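*Asks:* Please work from the sequences and hints to get the whole structure.
Line by line, the protein sequences are chains A and B.
Quick note: the first sequence uses this note's numbering, first residue 1, plus one each step.
Quick note: the second sequence uses this note's numbering, first residue 1001, plus one each step.
Hint data in this document are derived by calculation from the structure and do not stem from the laboratory.
As the structure is a computational prediction, the values presented were derived from the model and not from experiment.
From the three backbone atoms N, C-alpha and C, an ideal C-beta is built for every residue, glycine too.
Errors might be hidden in some of the hints.
One-sided excerpt, in silico: chain B residues whose CB lies under 7 Å from chain A [what the hints assert, rightly or not]:
| id | residue |
| --- | --- |
| 1 | 1011 |
| 2 | 1012 |
| 3 | 1015 |
| 4 | 1114 |
| 5 | 1117 |
| 6 | 1213 |
| 7 | 1219 |
In silico DSSO-like links for lysine-lysine, alpha-carbon gap of 30 Å or less [unchecked claim]:
| id | chain 1 | residue 1 | chain 2 | residue 2 |
| --- | --- | --- | --- | --- |
| 8 | A | 57 | A | 312 |
| 9 | A | 158 | B | 1175 |
| 10 | A | 158 | A | 312 |
| 11 | A | 55 | A | 158 |
| 12 | A | 296 | A | 190 |
| 13 | A | 55 | A | 314 |
| 14 | A | 158 | A | 125 |
| 15 | A | 157 | B | 1175 |
| 16 | B | 1132 | A | 190 |
| 17 | A | 215 | B | 1132 |
| 18 | A | 125 | A | 172 |
| 19 | A | 296 | A | 312 |
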Amino acid sequence: MVGLVTDVGGRGDHSFNDSALRGLESWSAGMALKSGDYQPLSATDIAATVPEALKDKVHPLGIKPLVVQSKAQEDYRPNLQLLVDQGADLTVGTGFMLENAVEAVAKANPEAKFLLIDSPLLDAKGTPITLPNVRTVVFREEEGSFLVGALAASVAKKQVGFVGGMEIPLIKKFEAGFRAGVRAVNPQLKVLIAYTGSFDNVAAGKQVAQDLFNKGSEVVFHAAGSDGLGVIQAAKEARAAGRNVYVIGVDSDQYPLAPEAVLSSMVKQVDFAVYQAVELLRQGQFTQGDIALGLKEGGVNYAPIRVELPEKEKIVATLEGLRAKVVAGEIKVPSNVSEH
Amino acid sequence: MLELFEALLYSTLDAAPALVFAAVGATFSERSGVVNVGVEGMMRAGAFAAAVAALVMPTPLGVLCGMVAGTGVAAIHAVLCIRGRADQVVSGIALNLVMLALGTFLLEALFTPSGSTSIAQLSRWTLPGFDKVPLLRALHNHSALTYLAMVLPFVAHAAVYRTPWGLRLRAVGEKPAAVAVMGVSVAQLRYTGVLISGALAGLGGAVLSTATLDRFEHHMPSGLGFMAVAAMIFGRWTPLGAAGAAAFFAFGNALRIGLTSSLPEISHYLPQGVLLALPYVLTLVVLAWQGKGASSAPAALGVPYNSERR
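*Replies:* Below is the structure:
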């Protein structure tokens, strides 16, 4: 049995938690929660949720999932402990917000195994530490951002934009990768950068994006959490006003929010990170320590391009060419803006 | 240069209405002597109700439902503060907390935890001829609520400063006993003030979920209610002042956004955080500068009226 504790976003967030749940419930267990009960999924249903690049890597593992949702920060610790007490062979903490709780519960239960997504374990001073029974997974966001930067530069003629949330190192990784991707395809393009200063303010995201679109940005990539919904809305409205602009989403495939305006999304494959850990557990090869998942490991990706574009095949070929170079180590994507 | 200013103006007009409505609304409550820090919760109720109602009816009617919801929350505040003579700040804060949790709870029960289903966004007005004239173009292509936000502050100001009712409303916030002696009901005036405040805060919230975005998002209004209270104080408790301050905050924000994207070097000299904190710093400065002595805040603000003990 594999347990999973969501963060406060919970089931149905169309993002981080849903992705982790997909990795556990659909991919690893081959089941789906329907009206409070787990029902087996058919092979075609499962295959429909697996991206092309991971098709041959994902096979049902026959485990039993047990999911506990967190309603508040205070729930993390008791929820994790609950799963350990239920005899979970592995307990997954979804999201960096569970870092403290995973650390505490892992120390208290040295015989249980844990997986922490999106953050290393940190001590009180913020220095990374390791525990013998905890595996942590982080993503190389700069590599995914590199590809969507290249995509933006392939579509735009003169200018592209980037909207970040708070100006923190994590979001700077997105900016650095995006800039590098734009430069790899068209160094002449102008790149406008703006930060909203928050992750929870739709109106701020919209205002910032309107500014970038008004200044002539043709494609805008956002890494701004909920502010990004405003960015997508601004793109949608600009298109409705007859301007040919696009937006690139983040974390999960944000295409359903505005099918005509979302060019692609920089996807963190949280589902795959969970699946991979469960697979290793089944094979008896679960290891502790810090794992970083980039393009090579299938940890980040761009979502399928669903809008109609001239020369779409050529653009996809360019992106795949760049992906191959990053995977082969020929291109090293900077994770810091100052490396430019 | 002209284009830059036009973009600034457009951005301000698009972002300001929610703040303008809530700030103007707050003056009605506070002028009548009832502190309203519950604006945030009232806006949240308005945003939620408008988005949910618009699923089953035309969006403009949904906006009205948002106003009703804001009024409903304000009614609780009014009963607690006027009838129950509760501490007005505590009541406001409690309402904010309740609405934060209630919004999340209803969202999870009815939709997904992150937001409601999308609705038909409020349509934008195209003004014939305006789209060809530079600068005037900025007035073009907004929702009806933006135009309402340009007119409402003047109407509100006239109501408070040019009508007998407005005189009584202000008097009840300065010296309620004097109004009572004249045979006018203190409670009735205060109820009206608080309810108008709730309706306008609800309208401000509805702007967010029907014009800014096309659904309720679980963080709404993300602190805008507190900013509205700050704008009201900055505007010295007058409708026009509050609206002006709200527009000024929105313009300052648009300017910050415009400057940082056009001149990224500016962040080397002036950190973004300083600019983000500016509205609140200005409000503190105004508060410290004039205090209550300069008589901009109503004298009886925050004092429950007790006719037995005057």
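*Asks:* All the hints need checking, so say for each whether the structure fits it.
*Replies:* How the hints compare with the structure:
1. 1011: holds, 6 Å
2. 1012: With a minimum Cβ separation of about 9 Å from chain A (threshold 7 Å), the hint on residue 1012 of chain B is violated.
3. 1015: Result: holds, 5 Å to nearest chain A Cβ.
4. 1114: Residue 1114 of chain B check passes; min Cβ-Cβ to chain A is 5 Å, inside 7 Å.
5. 1117: violated, 11 Å
6. 1213: Cβ of residue 1213 of chain B sits 5 Å from chain A, so the hint holds.
7. 1219: holds, 4 Å
8. A:57 - A:312: Distance ~27 Å between residue 57 of chain A and residue 312 of chain A Cα, so the pair holds.
9. A:158 - B:1175: Given that 30 Å is the threshold and the Cα spacing comes to 64 Å, the pair is violated.
10. A:158 - A:312: This hinted pair holds, its Cα atoms lying about 19 Å apart.
11. A:55 - A:158: Violated, at roughly 37 Å.
12. A:296 - A:190: holds, 29 Å
13. A:55 - A:314: holds, 23 Å
14. A:158 - A:125: violated, 44 Å
15. A:157 - B:1175: The given pair, whose Cα atoms are some 66 Å apart, is violated under the 30 Å limit.
16. B:1132 - A:190: Judged against 30 Å, a Cα distance of about 28 Å means the pair holds.
17. A:215 - B:1132: Status holds; Cα separation ~18 Å.
18. A:125 - A:172: Holds, because 21 Å separates the two Cα atoms, which is no more than 30 Å.
19. A:296 - A:312: It holds: about 23 Å lies between the C-alpha atoms, which stays within 30 Å.
In this structure, the earlier hints numbered 2, 5, 9, 11, 14, 15 are contradicted, and the remaining ones agree with it.
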